[in-house]
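Following the hints, put chain V in place on chain A, whose structure we already have.
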Amino acid sequence: MTLVSGWGRFPVVDTEMLRPRAFAAVADAVVSGTVARGNGRAYGDAAIGAVRTVAMTGFDRIRWFDPATGRIRLEAGVLLSDLIETFGPRGFLPFVLPGTRFVSIGGAIAADVHGKNHHCEGGFGRYVDSILLRTGEGELIEASREQNSDAFFATIGGMGLTGVILEATLRLRKVETGWIRERVISASDLDAAMRALDAGDAATYSVAWIDCAARGKDLGRSLIYLGEHAGKDKLPAGAAAFPAGKHPGLGVPIDLPPMTLNRFSIRAFNELYYRMGARRAGGTHVVSLYPYFFPLDSIADWNRIYGKRGFLQHQCVIPENGARDVLGEILGRVARRGDASFLAVLKKLGQGEGILSFPLPGYTLALDFPVRGDILNFLDEIDRLVVAAGGRLYLAKDARQSRETLEAGYPAVPRFNAIRKALDPAGNIRSKLSQRLFDGV
Amino acid sequence: MTSRKSVLVLGGSSDIGRATARAFAEAGYDVALAGRDVAALEPDAADLRARYNVELGVHTFDVLDTASFEGFVAGLPALPDVVISIVGLLGVQESAQSDLAHATAIMRSNYEGPSLILGLFAEKFLDRGSGTLVGVSSVAGDRGRASNYVYGSAKAGFSAFLSGLRARASRGSVHVVTVKPGFVRTRMTEGMKLIGPLTVEAPVVGAAILRAVEAKSDIVYVSGKWRLVMLVIKTLPEAVFKKLRF
Chain A
1 MTLVSGWGRF
11 PVVDTEMLRP
21 RAFAAVADAV
31 VSGTVARGNG
41 RAYGDAAIGA
51 VRTVAMTGFD
61 RIRWFDPATG
71 RIRLEAGVLL
81 SDLIETFGPR
91 GFLPFVLPGT
101 RFVSIGGAIA
111 ADVHGKNHHC
121 EGGFGRYVDS
131 ILLRTGEGEL
141 IEASREQNSD
151 AFFATIGGMG
161 LTGVILEATL
171 RLRKVETGWI
181 RERVISASDL
191 DAAMRALDAG
201 DAATYSVAWI
211 DCAARGKDLG
221 RSLIYLGEHA
231 GKDKLPAGAA
241 AFPAGKHPGL
251 GVPIDLPPMT
261 LNRFSIRAFN
271 ELYYRMGARR
281 AGGTHVVSLY
291 PYFFPLDSIA
301 DWNRIYGKRG
311 FLQHQCVIPE
321 NGARDVLGEI
331 LGRVARRGDA
341 SFLAVLKKLG
351 QGEGILSFPL
361 PGYTLALDFP
371 VRGDILNFLD
381 EIDRLVVAAG
391 GRLYLAKDAR
401 QSRETLEAGY
411 PAVPRFNAIR
421 KALDPAGNIR
431 SKLSQRLFDG
441 V
Chain V
1 MTSRKSVLVL
11 GGSSDIGRAT
21 ARAFAEAGYD
31 VALAGRDVAA
41 LEPDAADLRA
51 RYNVELGVHT
61 FDVLDTASFE
71 GFVAGLPALP
81 DVVISIVGLL
91 GVQESAQSDL
101 AHATAIMRSN
111 YEGPSLILGL
121 FAEKFLDRGS
131 GTLVGVSSVA
141 GDRGRASNYV
151 YGSAKAGFSA
161 FLSGLRARAS
171 RGSVHVVTVK
181 PGFVRTRMTE
191 GMKLIGPLTV
201 EAPVVGAAIL
211 RAVEAKSDIV
221 YVSGKWRLVM
231 LVIKTLPEAV
241 FKKLRF
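Respectively, the protein sequence lines represent chains A and V. Under our numbering, the residue at position 320 of the first sequence is numbered 320, and the numbers go up by one with no gaps. Under our numbering, the residue at position 144 of the second sequence is numbered 144, and the numbers go up by one with no gaps.
In short, the hints are calculated from the structure, not lab data. Glycine is no exception: its CB is placed at the ideal position from the N, C-alpha and C atoms. One or more of the hints may lead you astray.
[Claimed, not checked] Between beta-carbon pairs, the in silico distance windows are:
id	chain 1	residue 1	chain 2	residue 2	range
1	V	27	A	422	46 to 52 Å
2	V	193	A	149	45 to 51 Å
3	A	283	V	185	43 to 49 Å
4	A	425	V	198	32 to 38 Å
5	A	139	V	99	39 to 45 Å
6	A	278	V	27	26 to 32 Å
7	V	233	A	439	51 to 57 Å
8	A	21	V	193	17 to 23 Å
9	V	99	A	1	45 to 51 Å
10	A	149	V	37	35 to 41 Å
11	A	256	V	185	26 to 32 Å
12	A	299	V	219	51 to 57 Å
13	A	278	V	246	56 to 62 Å
14	A	2	V	64	35 to 41 Å
Isolated chain A, as found in the complex (with noise of 0.2 Å):
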C-alpha cells in the first residue's frame, strides 16, 4: 500500500497504486474500487482510488498532430506543459490553459478544468472532440457529441468516475506568439472589482487577485488583470516568438512549520503584493504566458508552503444574480478569520461542457486555508451560504463538502448516476471522492 494525497496534501490516504506500461495492463489494474491518476494536481481526494489508483503519466505519447487544423490525438497521461513546450514554439497552444500547466490531458478532461478566458470561450471540455474511454466493465468505446454522446458529457468533468480515460482528440489554437498582452486595473473594493471584471467580459482573458486580508471599506480590494494574445508586431525587440518555459528548480524544499502563516505574514504579503500591483495598474504591457497563465508554477512544490497538515481550496461558484452580497458575506467571513492565504482569485464563469461540469454563469472564488482549527466548520458555514445562492463546488478542488452541498449544487448528479450504472454495472470505478460524495451507502 501506499501513502497519497492530492495537492492539498490532505487527505492522505492508503491505496494500492499500480503503473501500468500498456493499455493491456490497463484492463487488468482496474478491479472493484479502482479510479485514475493524472498529475495528482487535484487538490483533494478525486484522484485516490477506493482501493487502487491507477497512475497515467506513462501514457504521454502523442498519436498524431494535424498541423492544418490544430487537431491532436494523444494519450491520456501527456501533461498540458509538454503540450505548451512542444507545439507553442510551431504556433499552437490549447484553448484553455487552467492555473498551473502540470496536470495531465486524461486530469484535464476529468475536472473540466477552466482558464481566464471561460466566460468567453468556455472550458476545457469545449475542444475535446473525442475520448478513448475504457469503461468500468471493461468495454473500450470512443465517445464524442455524436457517438456515445451520454458517455462523453458524463465523462468531461466526471472526475474519473464513468471508467479510465486512455485518449482523447484535441483542438489546439493557433497563436502567433507565446506573449500576452496584460493590462493591470486596480479595484479598491468588492463592487470596483466586480465592475472591473464585468467590463473585461469583452477581453479574452480576464481574472481578479484579491487582496483577502482587506477589511472595512477595503473589502473586497483586488488587482484585475486582463490578457490578449499578442501578435508578433506586439512583442518586445529582439524577442523570441515563443519564451522558453524554465520548470521550477528550487521551490519550498521542506514543509514549513504551523506558525509560518498567520495573519500578521498574510496581511503583509497581501499588502505587498497589493502595491506592486497597483504600481503596474493602467497600463498594457506584454508578459510570457508562463508568468501570466501560472503565476504558482515557478515556486516547485509550493503546496509545502502550508505545513505537513496540507491545506484545503475552497472554490465556489455563484450564480450572477445575487452574487455580490454573497461574495461579500463570505469575504468578510474570511477577512474576520484572518487566515485565508495569499491564493485569492474571483473570475467570471460561463456554462459548463460536462454533466457535472463545475462552471455555470457566474462568479467564482477560490480560497486557501491551512488545515487547522474549526476550519471545517468555518467552510461547512460558507458552503450553506453557497447552496443558499444557488452555487456550489468544483470537485477538484474539493476534500470535504458534504453530500448535501453536492447535491444541492449539481441538480444532475442523478442522471451521472445513471450513466456510470450503465457503463459500470458493477460499479467498479470508485475513488475516495466517489465514496464520500456519489456511491450509494
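Leaving out everything else, chain V in the frame of chain A:
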C-alpha cells in the same frame, strides 16, 4: 541547406531509449529506432514524428542475434551519423548465480551484442571518416560488487571495449562516448530500492547523451555524484571491499 544529421538508437523502446530519441529529435536530428519488436516501436515513432516533424524510421534489431548484425547494418537506408546502443539486460543476480542460461543472456545482452554491433559500425564510420558511437554502459562495470557482478562484469567488458575502440577510432575522426547513467527511474529499475539523490529520470540521461555527442565527451557520468561515489568504491582496498555486501 545543409542536410540534417541522423541518429540510430538501438534499444529504442526502453525508457532511456525513448528519452534519448526524443532529445535528438527535438534537436533536429532524423531518428531511426531499432528494437526487437517493431510494432512496439511504432507508437514512439509516431509520437516523435507528431512532435518534431522529423524523419523517423523503425528497424528490427535483436542484440542476441549476432548473426543478423551484418545484414542489419547493410539493410539500413543510409549509414547514420550517430549510433547509440542502449540495449542491456539487468537480469536477476541471484538467478544468474546458478542459472547459466540467464547468466549467459545477461553477459551477451550487455557485452557481446552491444560491443559487436558498435564495432561493426565503427568499421563503417572509419571507412567514411566520420561518425559518433555511444555505448550506454554502467557504473556497475567500474567494480564488480556482490549484489550484481554478473551484470557488472558484462558492463565492465563493454566499457573496456569502448575504451579501446575510442583510442583506435580517434585517429580516424570517429568518436566514441561511454555513458554511465547510475540509477535511473525506469521500467528496468521499477521495484528496486534506489537512492533518491543518486537517481535521475530518463529524460536527464537523454539530454546528457545529446550533450556528450555534441561536445565529443569521452566518458560521461550522468550525475557528477556518481563519479565521486565510484571513485571511492574503486579505491577501497580489496580486503575491505570484499566484506561489503552491496
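Okay, the hints, checked on the actual structure:
1. V:27 / A:422: 46 to 52 Å: Holds - the Cβ-Cβ distance for residue 27 (chain V) and residue 422 (chain A), about 49 Å, lies within 46 to 52 Å.
2. V:193 / A:149: 45 to 51 Å: Since residue 193 (chain V) and residue 149 (chain A) have Cβ atoms about 48 Å apart, the given range 45 to 51 Å holds.
3. A:283 / V:185: 43 to 49 Å: 46 Å, holds
4. A:425 / V:198: 32 to 38 Å: 48 Å, violated
5. A:139 / V:99: 39 to 45 Å: Holds - the Cβ-Cβ distance for residue 139 (chain A) and residue 99 (chain V), about 42 Å, lies within 39 to 45 Å.
6. A:278 / V:27: 26 to 32 Å: 44 Å, violated
7. V:233 / A:439: 51 to 57 Å: 54 Å, holds
8. A:21 / V:193: 17 to 23 Å: 20 Å, holds
9. V:99 / A:1: 45 to 51 Å: The hint (45 to 51 Å, Cβ to Cβ) is violated, given that residue 99 (chain V) and residue 1 (chain A) are roughly 32 Å apart.
10. A:149 / V:37: 35 to 41 Å: 37 Å, holds
11. A:256 / V:185: 26 to 32 Å: 27 Å, holds
12. A:299 / V:219: 51 to 57 Å: 37 Å, violated
13. A:278 / V:246: 56 to 62 Å: 59 Å, holds
14. A:2 / V:64: 35 to 41 Å: 36 Å, holds
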